[in-house]
Amino acid sequence: MKRTIPTWFFCMLAVFPLCLNSALHAEEKSIPATATETAPGQPPPKPPFGQPFNVRGRIHALLENLRENEPEEYQRLMKLRAENREEYLKELWEKMPERKNDKRRKIAEIDRKCWELGEKFQKAATEQEKESIKAELSGLLEQSMDLVVQDTKERLERVQKILDNLNGNREKIIQERRDQFLSGKPKPAPQRPGRPKK
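In terms of the numbering used here, the sequence shown is residues 27 to 224.
Rather than coming from a laboratory, the hints here were simulated on the basis of the structure. It is possible that some hints are incorrect.
No more than 25 angstroms apart at the CA atoms, straight line, and that leaves these computed lysine-lysine pairs for BS3-like [what the hints assert, rightly or not]: (1) K129 - K179; (2) K105 - K116; (3) K121 - K132; (4) K121 - K105; (5) K129 - K187; (6) K160 - K132; (7) K139 - K156; (8) K198 - K179.
Modelling step: build the complete structure from the supplied sequences, incorporating the hints.
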C-alpha cells in the first residue's frame with residue numbers, strides 16, 4: 027500500500043521557517059544596533075544576544091576567513107575596494123551567507139495573500155465565489171510549495187558543501203584548531219570550522 031504525505035504536513039513545513047524567521051527579525055529589531063571599535067588586527071567581540079547580524083562583525087569575519095583560506099580572492103577584493111567601493115560592497119554582500127532570502131520573502135508574501143483569500147472565502151456569498159477563491163488559493167499554494175522545495179534544496183546543497191569541506195579537510199582543520207588552542211592567543215569569536223567558500 028502506497029503511503030502519501032498529508033497536505034497539512036507540507037503547509038506546516040512551509041509556515042514553520044517563516045514563523046521562526048519573523049520571530050528572529052522581530053527580536054533583532056527590538057535591540058539597538060551597536061558597533062564596537064576593536065584594535066587593528068583583533069576580531070570583533072561577539073555581538074550581544076539577539077544581534078547576530080552585526081554588519082561590521084560579519085564583514086570582518088568574512089574578510090578574515092578569505093584572508094586565511096582564499097588569499098587570492100582576498101587580494102582581489104582589497105584591490106576592488108581601492109578601485110570601486112560600490113562594486114566591492116556589492117560583492118561582499120553577495121558573499122554574506124546570512125543575507126536576506128528572496129524565496130522566503132516571496133513565500134511570506136504568498137502566505138499573506140492566502141490568509142486574505144481565506145477571509146474572503148468565509149465572507150463569500152455564493153458557491154461560485156467560493157470556488158473561484160479555492161482555485162486562486164490552490165494556485166498560490168502551488169507557487170509557495172515550489173519555492174519551499176527550491177529553498178530547501180539550496181539549503182541542503184549548502185549544508186552538503188560544508189560537510190564535504192569538513193570531510194575533505196579533516197586533518198587540516200584539526201591541525202589548525204590544535205595550533206590555535208596551543209598558541210596562547212586570546213580566544214577568537216566563535217566560528218564553526220569547515221564552512222565552504224563561495
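Please write out, lowest number first, the hints stated earlier that are contradicted by the structure. Result: hint 8 breaks, nothing else.
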